[in-house]
Amino acid sequence: MQDWFTQNIAALFTDITAETVTNWFVFNPKEPILFNTALFLGLFLVFYSIYIALKNTFYPRLVYVILFSLFFYYKSSGIFFLLLVGSSVVDYNLGNLVHRTQSVVNKKLCLAFSVVLNLGFLGYFKYTNFIIDTYNSATGADFAFQKIILPVGISFYTFQSISYIIEIYRKEIEPTKNYVDYLFFVSFFPQLVAGPIVRAKDFLPQIYQKLNVTKDDINRAFLLIIGGLIKKTVISDYISINFVDRVFDAPSSYTAFENLMASYGYAIQIYCDFSGYSDMAIGVALLLGFKLPTNFRTPYQSASITEFWRRWHISLSTWLKDFLYISVGGNRHGSFAGFLFPALFFFGLIVWGITYAPTSNIPLLIAVAATAVFSLTFLLSKEKERTMFTNVNLMTTMLLGGLWHGASLRFIIWGALHGLALAVHKIFMEFFPPKAEAKRSFFGGIWTVLSVIATFHFVAFCWIFFRAKDFDTALQVINNIGNVTFDLQQWLVIAEGYKNVFLLMAIGFVWHFLPEKMVERMQRVFKALPIIGKAIILGLVYWLVYAMASAGPQPFIYFQF
Amino acid sequence: MNQNKSYFLQSFAIFALSIVAFLVFKSFLPKKIFAETTANSKNVVIDSLLLEAVEEDSTAEEGDTLSNQPISFTAVDGITFPDETFSDYKGFQHLVQFYEKLYQLETTQQGNVRIAYFGDSMTDGDMIVQDFRTNFQNQFGGQGVGFVNITSESAASRNSIKHEFSGNWKTQSYLNVKNPRSPFGVNGHVFFANDTAHVEWVKYQASKLKNLSELYNPTLFYGKSANKSGKIALKVGNDTICKKLTPNKLVNTLVIGNTTKNLKVDFVKADSIPIYGFNFDDGKGVHVDNFSNRGNSGLPISTFNTEVMRQFQEKLGYDLIVLHYGTNVLNYGSLNYTWYEKRMKNVVNHLKECFPGVAILVISTADKATKYDLEMKTDSAVVPLTLAQKKYAVQAEAAYVNLYTLMGGDGSMVKWVEEVPAAANKDYTHFNYRGAKRISSMIYNQIYSGYEQFKKLRANRKVVKAAVKKDSTTVKKDSIHVD
Chain Z
0 MQDWFTQNIA
10 ALFTDITAET
20 VTNWFVFNPK
30 EPILFNTALF
40 LGLFLVFYSI
50 YIALKNTFYP
60 RLVYVILFSL
70 FFYYKSSGIF
80 FLLLVGSSVV
90 DYNLGNLVHR
100 TQSVVNKKLC
110 LAFSVVLNLG
120 FLGYFKYTNF
130 IIDTYNSATG
140 ADFAFQKIIL
150 PVGISFYTFQ
160 SISYIIEIYR
170 KEIEPTKNYV
180 DYLFFVSFFP
190 QLVAGPIVRA
200 KDFLPQIYQK
210 LNVTKDDINR
220 AFLLIIGGLI
230 KKTVISDYIS
240 INFVDRVFDA
250 PSSYTAFENL
260 MASYGYAIQI
270 YCDFSGYSDM
280 AIGVALLLGF
290 KLPTNFRTPY
300 QSASITEFWR
310 RWHISLSTWL
320 KDFLYISVGG
330 NRHGSFAGFL
340 FPALFFFGLI
350 VWGITYAPTS
360 NIPLLIAVAA
370 TAVFSLTFLL
380 SKEKERTMFT
390 NVNLMTTMLL
400 GGLWHGASLR
410 FIIWGALHGL
420 ALAVHKIFME
430 FFPPKAEAKR
440 SFFGGIWTVL
450 SVIATFHFVA
460 FCWIFFRAKD
470 FDTALQVINN
480 IGNVTFDLQQ
490 WLVIAEGYKN
500 VFLLMAIGFV
510 WHFLPEKMVE
520 RMQRVFKALP
530 IIGKAIILGL
540 VYWLVYAMAS
550 AGPQPFIYFQ
560 F
Chain A
0 MNQNKSYFLQ
10 SFAIFALSIV
20 AFLVFKSFLP
30 KKIFAETTAN
40 SKNVVIDSLL
50 LEAVEEDSTA
60 EEGDTLSNQP
70 ISFTAVDGIT
80 FPDETFSDYK
90 GFQHLVQFYE
100 KLYQLETTQQ
110 GNVRIAYFGD
120 SMTDGDMIVQ
130 DFRTNFQNQF
140 GGQGVGFVNI
150 TSESAASRNS
160 IKHEFSGNWK
170 TQSYLNVKNP
180 RSPFGVNGHV
190 FFANDTAHVE
200 WVKYQASKLK
210 NLSELYNPTL
220 FYGKSANKSG
230 KIALKVGNDT
240 ICKKLTPNKL
250 VNTLVIGNTT
260 KNLKVDFVKA
270 DSIPIYGFNF
280 DDGKGVHVDN
290 FSNRGNSGLP
300 ISTFNTEVMR
310 QFQEKLGYDL
320 IVLHYGTNVL
330 NYGSLNYTWY
340 EKRMKNVVNH
350 LKECFPGVAI
360 LVISTADKAT
370 KYDLEMKTDS
380 AVVPLTLAQK
390 KYAVQAEAAY
400 VNLYTLMGGD
410 GSMVKWVEEV
420 PAAANKDYTH
430 FNYRGAKRIS
440 SMIYNQIYSG
450 YEQFKKLRAN
460 RKVVKAAVKK
470 DSTTVKKDSI
480 HVD
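Protein chains in written order, with numbering that gives the first Met the number 0: chain Z, 0 to 560; chain A, 0 to 482.
Keep in mind the hints are simulated off the structure, nothing from the lab.
All values derive from a computational prediction rather than experimental measurement.
A virtual CB, placed ideally from N, CA and C, is assigned to each residue, including glycine.
Just so you know, not all the hints are guaranteed correct.
[Unchecked claim] Covered by chain Z, per the in silico footprint, the following chain A stretches (three or more residues, Cβ under 8 Å):
#1 18-27
#2 153-163
#3 205-218
[Unchecked claim] Okay, derived cross-link-like pairs now, DSS-like style, lysine-lysine, Cα gap no bigger than 27 Å in a straight line:
#4 436(A) / 526(Z)
#5 146(Z) / 25(A)
#6 498(Z) / 436(A)
#7 29(Z) / 30(A)
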């Protein structure tokens, strides 16, 4: 026992040098802090003990959390934490200004100013080089790229700030009582760098409530953290480095079947990565007594693309719906902004088709077909005008939503595909309205299964554009997948070569499609465990994370058949 | 109120205890999940000679006799490069005859220079080599992609030529076949059109890249067989033209037609005739053949048949052979590479026998990273392997490029992978197009710096008229274009 202690516990402390301590507290761009790191675990344990001690105070607790949040942000993004503080001062005052201004015109001006300011910041950091690149390739000019580092999480906290001001403008909330409360909302570390995007009207009231966690909250929090850790570090990280990244790096060096599996792999990877991190954020917030909105509800179980967007990255899609879709007219009327982006997009698509016409007719064919399909989605409708507004505004939302994910043409294509699919699904629903009783019948069941499979494959197809490093690579992957032939022998050999990766992918998908009742039963077992039992399970998960992270990349393999 | 407190504390207790639980688990559970095992099945590309060699003598004694002495050279054509140390060894001296050919090409615009670039998956899809070829062709002239296989595992990823083939070719590769039905060609492969029910075909289309926009003087290379009725058929305009194959010599050539952009050739009744591939070059300037092979360690070259290679040499006239290997030799646990050094020295000597007068350039393994304690670092086998490669280069009188140090030495692969935009892939082994371009420039620049040094030495040499060997192969080489 004594030996064990010296080897494992005492060693933890004797290995500490001044340098390691410095590393804990100084920003290292190569190792931004993440929830799934040992450093965060250690820091959080210390932070949490003092937090509990302060729980009956108000301002000391708020200031304490703010300081930790700013430190957390400094550890992920370095000096940019000053940007966070600076922009929060501006936004807080603009919020007050919008609230106090009486005349409608001035109110609108204030609102417009603050939205433009926030988006301007986001645009500068995120899109400057994209705009330079687009301008260069369109005009042949040669402007040099700017060396701009994207501050971590800027997309998320910008959206939160905008929601705060718009909600004040719409009189859905009152401004916070003072700046500290506002900074607490914007900088709250659990959701700071990767969401979920918390809405002011959901979050602000919680600040003023009495701090409280129930037994159920704690159980839910630990379940979310455990699930999140496994999804993010065990499944997503392993399959990406050992398989998906390699295939997407050089798709044509791999067999058709490997290309197909890499696309499926990416579908589960991005879900596990994103939802896993969201779950950890929600879990950590819950431990502190704050309830953040659910961000993912097993999205690949969706039976239609419309349903998919109600279950995937929910905090973003509702944000876009409330502040972008509604702002450009929603399903009632059209607006200049609402028509601008789809018009630009389809115009660009046709121009692209025409430029390639001398070498191949396919681009033009695709461009015309896409434009025709999109037009038909409202021309065939009974309420032509209204459906047109809806679909055009939806398209705008999806195009800009795509662009929000990253500054590249690929994300615009990804958004456009989803926008088009949403419009097609709408017209389909108009012609074949779902019957409530059909769901329960046998054929209804089969229809649902087929719909889920079709929806999943469409989404997985769109992810190819999301993941590939450029348009050519995406087309290569799609082309290679087109060459897949049924050859069980070959598939088994490949599965044997990548058995760890395929096993994890299978676990990811099975977990995703587990019936809700089964998941609930497993959760009940966890909830019934004594404290020590829960701790042991959590400890086991840490070990899993650690052992996965230590596993070196699997050596590359090439197959020949 | 009290109830609240207990739940916060409970949650804290779970957290604190979980850390203790983790430390306990960590002390007795394994350190890694999914130990790295190399999959072994007949479909995974592995170099069988390498496996044998590792099995045989991975325990050989490591002798170190080279590292401290200066390396001096004997004059070739009156040119002697200054002494070198082992640590900075480049061996330009061994490229003098190659440089002389380049010099003739540059000054008189006469003759041609041919390079065979042997490699592994690093040069798959013409990566590195296509940029290497462009560097030479831009500087010294020359057009055409060089020698291309009939089938290739990496045809789809190749940009420098579009290459398709029917699925019924019978392919034998020196990577996993010891005794092929007919000797291997210079590409280490031999292909047979043995499916009598369906016609085998191969299709090439020139790329749009500079110097490679045509299939110059397409010429088929094939070997010896008793089957005298084999034919090839190809379409020219609306006519189908048939040409008879005459497999009399060990290596035969057949000029297919004029320079074109597209070529599709059917093989009719050609079973048992060893087919080697097609050559596309314009007959002047520099031409570089890419003989890349996934999984290759370099050792399979020792199986080349001397007689067959000499006939290839007569027709193609290689001046330089580049050996770019190492990636597949890194993963075998031992850091003692004496076995590899010894065998590769034999490979170089064998090549010199097969291709008389050829210069050899050894390119070391690039950096490769592996995970050590949660962090990606240079694999501990990289430096020992580069040393072994340097030793055999010195001993076998070959020039040497240390790609590992050129890349930036320790930790450079991690940098290449992480920089934006990335230059290498996430397997921390292979380069992407961007990185491959940089690698080829590094190699080219080192060769070129030696060439500039050569020109100075040449201008200052004492011998008034050096006995420049009349290159008999150059003259003969043209025969493939008239044949």
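Status of the hints after comparison with the structure:
1. 18-27: holds (count 9)
2. 153-163: holds (count 3)
3. 205-218: violated (count 0)
4. 436(A) / 526(Z): violated, 57 Å
5. 146(Z) / 25(A): With Cα atoms ~43 Å apart, residue 146(Z) and residue 25(A) exceed 27 Å; violated.
6. 498(Z) / 436(A): violated, 34 Å
7. 29(Z) / 30(A): holds, 24 Å
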